[in-house]
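Residue numbers (my numbering), protein chains in the order written: chain R, 1164 to 1426; chain Y, 180 to 468.
Calculated from the structure, these hints are not laboratory results.
Worth double-checking, as some hints may not be accurate.
[Claimed, not checked] Interface residues of chain Y toward chain R, partial, derived using beta-carbon atoms under 10 Å:
(1) 230
(2) 233
(3) 366
(4) 377
(5) 382
(6) 461
[To be verified] List time: in silico PhoX-like cross-link candidates among lysine-lysine, alpha-carbon distance up to 25 Å:
(7) R:1248 / Y:374
(8) Y:428 / Y:400
(9) R:1288 / R:1273
(10) R:1411 / R:1335
(11) R:1248 / Y:358
(12) R:1335 / Y:358
(13) Y:400 / R:1222
(14) R:1262 / R:1248
(15) Y:374 / R:1262
(16) R:1222 / Y:374
(17) R:1273 / Y:358
Owing to the predicted nature of the structure, the values given are computational and were not obtained by experimental measurement.
Note that CB positions come from ideal geometry on N, CA and C, so glycine has one too.
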Amino acid sequence: MATVRVERAVKSFTREDGAEMRVLDGVSFEARESGITCLLGPSGCGKSTLLNAIAGLEKLDAGTIEFHGANASNPIAQLETGNPKLGYVFQDPRLLNWKRVEGNMIFAFKGMNVPRAEWQARLDKYIDLVGLTDFRRQYPLYLSGGMRQRVGLARALAIEPEVLLMDEPFSKLDQLTARKLRQDTLAICARLRQTAMLVTHDVEEAAYMGDRIVIFSARPARIVEVVDNPLPLAARDLDEADFIHFKKRLLNVVLKAIGQEDA
Amino acid sequence: MSSVDTTPAERDPAIPDGAAAASLVRARDRHRGRETLADIALRAASILALISVWWLLSFFFPPTLVPNPRETFAEVGAIVHSGELASEMGATLRRVGVGFAIAIVFSIPLGIFMGTLRSLESFFEPPVVLGLTMPGLIWAVLAIMFFGLNEKSAYAAVAITILPMLTISIWQGTKSIDKDLIDMSSVFHAGPWSKIVDVILPQLISHILAAIRYGLGFAWKVVVVVEMFGFSNGVGYRVVRGFNTFSMKTVLAWTITFLIVMIVIEFGLIGWLERSVTRWRPRAEAWRR
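Chain Y on its own, in the form it takes in the complex (with noise of 0.2 Å):
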């Protein structure tokens, strides 16, 4: 979390004056850019050499077990046409985002007054810690348990076991925050607003965005647990359907589908966020060649 905040040219204490300066954080960056490509061609290796692995087991051992890797992604694609995709990936991504939108709501202003007031950053830091350490799993089951077997309790599960991470980053993103820029707003008289907006929120994207990328990994866990627990839609009632049928093909086209998905909001959509609200720094242009 801490190598977002120092960039190359912060950490460079001699940077020379003009254009040799400009041309110099170019040529750096182009040297990161190109080993971002061959970092996205040894994952691609590594997914390739996983399904061959895969491939190899299936002729050792009946597809009731591991059945072979065209067939699942097979089943991936009919997934896919069926329309259930929409469906039951609908209704987990709902309760990610409810659970998550509540967790957001409640961590920005506790982390941000953690953060500020000293008095509530000792009040609160027990709970925030010993949640951190809470499996969510726990979680889940406290969560049906006081609300029963509906939507409720899907939503309370994701967001409690988030809430604690979440708050821990805003809470360190702002004590981290450069107060002279704070003292710049005020002799140029820039208003609350002004303050908050231009000056304190940029400061903060870069941890919120950290907390929503680890967030998400958490809140994608929970909320198949929950799903498992007995409801009648979503990925993890499919996967335990399948489990139940004991059809392992099942079980593996929707974990694969539930991937697949996954790295898409993971790396796509939290990524193309993420440089698009850091443009300003010269990293981040590395990732756009």
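Pulled out of the complex, with its shape left as it was, chain R reads as follows (with noise of 0.2 Å):
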């Protein structure tokens, strides 16, 4: 597994009207390797710039993404092109609709370039993971919107990412299956000990799925705050006294980045 370190990032974008806006102002920060690392900060901020920097669909205009392995005898895993291994699971499913799960799976095989011998076997063990076994051979429409998010995140883990990237995967779902999949990806990841990072809006969420928590500021987005979630997974349980007082802790850090600390 491998962990991502982010210096000095800046972004800017030009809006319609000419006017440069600036969404990354100098983001530094480091992941947590072998757990999800949260950037959490209000919408519009940049936190989702950054993730598609880190997945190289963005250019940053300076600063530095560096991946490293665990330690210098074991460097991390890269493509022909010198890329990284990531996973991404996007907002919506991305799915492509005219494959069937396993074809959109194998999608990513081929491109990620994964050795055709090793597909039935992985094919076998992210579909059970995500608990889509008794749906491998549907198509994606037939199935419900929480099941598809399951699809692109069964995709997303079954090329065995460096790194997981997740952009807000649970934020257009109901609440009840958002819940649930939450669970579920909390604990595949620590199953697979699986570094990953979860882009969100929601401090619940945060605290909930966050083994580190990144606080960004409103748009020119900083670092307000790193957390380090203080709970283990057994105790983070959404009623549990301990679990909301971290997360009213988390809360309060978030008000004042965005400066509505009375609201």
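Need the complex rebuilt from these two chains, each delivered in its own frame; the hints are there to steer you.
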């Protein structure tokens, strides 16, 4: 497994009216290895832009993004292009609706040059992991929203990425579906000891999912605070006093960051 | 055309999780399936009604003007049995096929470029829109004047009549391609071939099929006109020969034969093609039941 270090990341966009708009203003932090790092901040603060930069979809104006292996003798696996292997779960599942569940995963295998001999074993393992064994030959449009998001998760995990990137993957699901999928995702990541980054604007989600929570200010984004979750997985119970206390602490930091302390 | 893009499952914002969703979709599709069966019955009834009106009319007019439907259909049978159908229809189908192939070869890249590059869109929009308004009959006249009375003029007339139509469909289809899916394929390092075959073409296929369906309708009309101008075979030629001998029965028999073949191709072949490439849509499922 690997970790990610972001150093003084700067990114501006040019608006329609020609004005420069800075979204990332010198962001630095390091992700937790074999755990979930949540990027928590208000909507539109640039945390998704940063995730896209990590995924290679956007270029930073300044600053660096580095991937490190666990130690010097264990360098991270790289693709032929020199990029690290990254899995991405999108806000919308972004599946190829004309391919079955298996076909969607094989599409990623082909792109990531997964040897054909491993396909079957990986399909079995990861489809089972997300609980879709009965639906593996199904087309996505026959599945519910939550199940489609599970396919997206299976696709990202099955390439066995160094880092799993997730961009608000639960925000378009209804509350109960989202709650179940959060539980399952957390358990799966813990079981695989997966290094993961999760973008969210939901404080409770960050407190529940994050081993480390990186709190962003409003645009232009800076890091306000990096908090390591004091609660072990077993103690993350939404109704437990410790959890509620931790969630409140995060909320206060976020409110302060966006200048709504008294709101 | 736009209706093929939205599927029931996508339009439904609050779809419940799990097996409940699957059974909901199935129930909805079954309902649709019944509707289509009723539709088919209605269509058959409509055709029967038309033939009945024809049959009634044949009592009031001499057979040279309104021949008896039964005799006409017997003539249709004779056309099929004598092998004339195969040769004449073969010639007509070949002209449509070649013209169509030419139009497809040009319209797919042109449409994709117009959909991707703004400058090409501006440049090609006027001729494409103008071409769409041009009557096929005029293209037929121009093609024959230019190429003379040979196969080339038939191919050219068919190709140029449907080219604008195909181009517009593919152009609009390309514009509506989901950019998020392209990003997704980049994240998973899909190669250029995989991007085209797995991501882009499947999104265009329903637009291309719709274009083929509209295009065929126009291609049939144009090819018959070209054949009437002085070709020595093809369905259009046969119809004109019937006209020259003032045999209403021959004209009608060839027209009916032509219509039947057309319907088989449009609803059978194209419909089958459409169903087999859109099997992933819950709506397509309804058609198979």
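Of all the hints given earlier, name the ones this structure violates by number, lowest first. 1, 2 and 13
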